[in-house]
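Undergrad: One letter stands for each residue in the lines below.
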Amino acid sequence: MGFLKKDNFERDAFIGLIVWIFLLIFYFVIPSPGIHDIIQKVFILGLFAMSLNILIGYLGLVAFGHATFFAAGAYTLGLFLQSSIVNNLGSLSIPAAIISAIFISTVLAAFIGAICIRLKDIYFSFLTLAFQMLIYSIILALVSITGGDQGLMGGFPKPPFLGIDLGKPFDFYAFTIFISIITIVLLRQLIESPFGYGLRMIRDNPDRPAALGFNNQRHKLIAFIIAGSIAGLAGSLQALLDVGAYPEWAFWAKSAEPLFMILLGGMHSFLGPLMGAFIFEILNDFVTANTRYYGLVLGLVILSFVLGLRRGLLDWLLIKFYRK
Amino acid sequence: MEIFALFDCIITPACLISQTAGGLKIGMLLFLVASGLTLVFGVLGVINFAHGALYMLGAYFSWQVMSITGHFGLAVISGAIGVGIFGLIFERLLINKVYNSDLLVQILLCYSVILILDDLVMIIWGDEFLSGIGVPEVFQVPPLFIFDAIIPPFHIAIIVISMIVALLLWIIMTKTKFGKLVRATAVNPRMLEALGINTNVIKAGVFMLGSFLAGLGGALAASLGSVVSGMGNSIIIESFIVTVIGGMGSISGAFLASIIIGMARSFGAVAMPLFTDGIMFLIMVLVLVMKPEGLMGKKK
Numbered sequence: 001m002g003f004l005k006k007d008n009f010e011r012d013a014f015i016g017l018i019v020w021i022f023l024l025i026f027y028f029v030i031p032s033p034g035i036h037d038i039i040q041k042v043f044i045l046g047l048f049a050m051s052l053n054i055l056i057g058y059l060g061l062v063a064f065g066h067a068t069f070f071a072a073g074a075y076t077l078g079l080f081l082q083s084s085i086v087n088n089l090g091s092l093s094i095p096a097a098i099i100s101a102i103f104i105s106t107v108l109a110a111f112i113g114a115i116c117i118r119l120k121d122i123y124f125s126f127l128t129l130a131f132q133m134l135i136y137s138i139i140l141a142l143v144s145i146t147g148g149d150q151g152l153m154g155g156f157p158k159p160p161f162l163g164i165d166l167g168k169p170f171d172f173y174a175f176t177i178f179i180s181i182i183t184i185v186l187l188r189q190l191i192e193s194p195f196g197y198g199l200r201m202i203r204d205n206p207d208r209p210a211a212l213g214f215n216n217q218r219h220k221l222i223a224f225i226i227a228g229s230i231a232g233l234a235g236s237l238q239a240l241l242d243v244g245a246y247p248e249w250a251f252w253a254k255s256a257e258p259l260f261m262i263l264l265g266g267m268h269s270f271l272g273p274l275m276g277a278f279i280f281e282i283l284n285d286f287v288t289a290n291t292r293y294y295g296l297v298l299g300l301v302i303l304s305f306v307l308g309l310r311r312g313l314l315d316w317l318l319i320k321f322y323r324k
Numbered sequence: 001m002e003i004f005a006l007f008d009c010i011i012t013p014a015c016l017i018s019q020t021a022g023g024l025k026i027g028m029l030l031f032l033v034a035s036g037l038t039l040v041f042g043v044l045g046v047i048n049f050a051h052g053a054l055y056m057l058g059a060y061f062s063w064q065v066m067s068i069t070g071h072f073g074l075a076v077i078s079g080a081i082g083v084g085i086f087g088l089i090f091e092r093l094l095i096n097k098v099y100n101s102d103l104l105v106q107i108l109l110c111y112s113v114i115l116i117l118d119d120l121v122m123i124i125w126g127d128e129f130l131s132g133i134g135v136p137e138v139f140q141v142p143p144l145f146i147f148d149a150i151i152p153p154f155h156i157a158i159i160v161i162s163m164i165v166a167l168l169l170w171i172i173m174t175k176t177k178f179g180k181l182v183r184a185t186a187v188n189p190r191m192l193e194a195l196g197i198n199t200n201v202i203k204a205g206v207f208m209l210g211s212f213l214a215g216l217g218g219a220l221a222a223s224l225g226s227v228v229s230g231m232g233n234s235i236i237i238e239s240f241i242v243t244v245i246g247g248m249g250s251i252s253g254a255f256l257a258s259i260i261i262g263m264a265r266s267f268g269a270v271a272m273p274l275f276t277d278g279i280m281f282l283i284m285v286l287v288l289v290m291k292p293e294g295l296m297g298k299k300k
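Respectively, the protein sequence lines represent chains A and B.
The first sequence lines up with residues 1 to 324 when you count with this note's numbering.
The second sequence lines up with residues 1 to 300 when you count with this note's numbering.
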């Protein structure tokens, strides 16, 4: 993994802090709400894509229902903040809501994951897709709770906590990026740990770790649960940003988005999916500003990556300039 | 959930017959599309995510021919053949490059084609709903009444046409030389090549046949409803369900699964109107968990 070679928590945390401070300064240097919006979305979508890449890049499992957990996080956060619990918790509401969102998506990922990891290859992909669409159908059916196809409407309060008021753009920007960077630093610890290398071994040759006494299935399940919980966190941040949750976030097309980001950025470098999220967001912003035919442009870009570059941009750059 | 509504329907001949006929119509249309998907997967090993986009093209092609000639039969046939030819080009230009690639690469390639085609039809035909090609004059007659159940004759025609196509497909796959070559390609393409048979031609032929079926399904769907960009995005998921339930690569399995899904949709609309789609996904989950190879698929 290029310039961050070894697993070194202090250094990663230090780099994370520097990046965070840099982005905070950037906020005041370039006072454009549009650009700030893009940056916070890149981090939210980046978390979503990086969490999926635990399964795709490191484990070789093509999960096609990852938006399930994104939506679970988003709806949990929204329903939590709309409920009367907020009156009792007061300033603790937002942290409690985010923790519940992560908790619910973790539980859901444990349940769905335990069933899905028993299958391989395309069957695994289809089962994750089936569960996702089942959850989507449930969201649409439970109109009285989820608002059905309208989504979670009516907004929710965002009580300030620890002096952070997420109603203010700067606070939101700083908070979202801070949470994302912490998660990314922790995720890197996981990926560079013996557990993370175990995942790569299962991907490359599942028989070998099994012969060494590894419990492959347990490794896969833990990876699936962690991926789901991070996707839930990303979903809860997205819900905070949009002050709502929408059923499209649980639709299969939403699960294709992180796949695009992984493809665009690269699945074999740790920060590849984050770079993919950046390309995806920039493309989205630029193309929709200029033409109605966003799908046409995105489709052609994906096609050229699939058939032309054959790998993500960061993977390509690292191979070209860093690895010999 | 309105279980009593379902019970009431089953004991009432009118409701039972009309829901059964409706389920058959949905199921048989679905079979046309899903059989192409499962055929392509069984022989080429590619999950053609863009199959729904081909279905959409079939609807647009037939709409175009209908608006020029005004002839229903010609519109449907040219929709199907047009998509078959389009499929052949698609296979030669793109799909054959990913036969041996990872699942992820195949999915992304097909998905990019969906995005491109959805926008291209909007550029060519506009983004408004086009009001389908309608029902041919022969069938513009009062509906049949069977035990008080109202059944439009055209729905019966669609069921019969689809059944004939299913029969033809079965004959092609089991009784003809082409069918034998196709099945052999699915099992051992190397051996065929050693015997001097160009498997690329067979693969292209299978993809063309699969696309033809998607186009036929789309053209017939255009006679029942409107035509719009993105109309393939729900049929593709339903086709996946059928493919998985029937057993991936099994055409007879797809036939059985299409009827199951058609009935689940038709009676599900009575019992759980808000959760009709959910029933299909529940069946899909149950089949994958209990019998991943599908009802009629071969165990690996």
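Derived from the structure by calculation, the hints contain no laboratory data.
The structure displayed is predicted, hence computed values, not measured ones.
Certain hints may be false.
[What the hints assert, rightly or not] Below, simulated DSSO-like cross-link-like pairs (lysine-lysine); rule was C-alpha separation at most 30 Å, straight line:
| # | chain 1 | residue 1 | chain 2 | residue 2 |
| --- | --- | --- | --- | --- |
| 1 | A | K120 | B | K298 |
| 2 | B | K97 | A | K320 |
| 3 | B | K175 | A | K120 |
Undergrad: For which of the previously enumerated hints does the structure constitute a violation, in increasing order of number?
TA: 3
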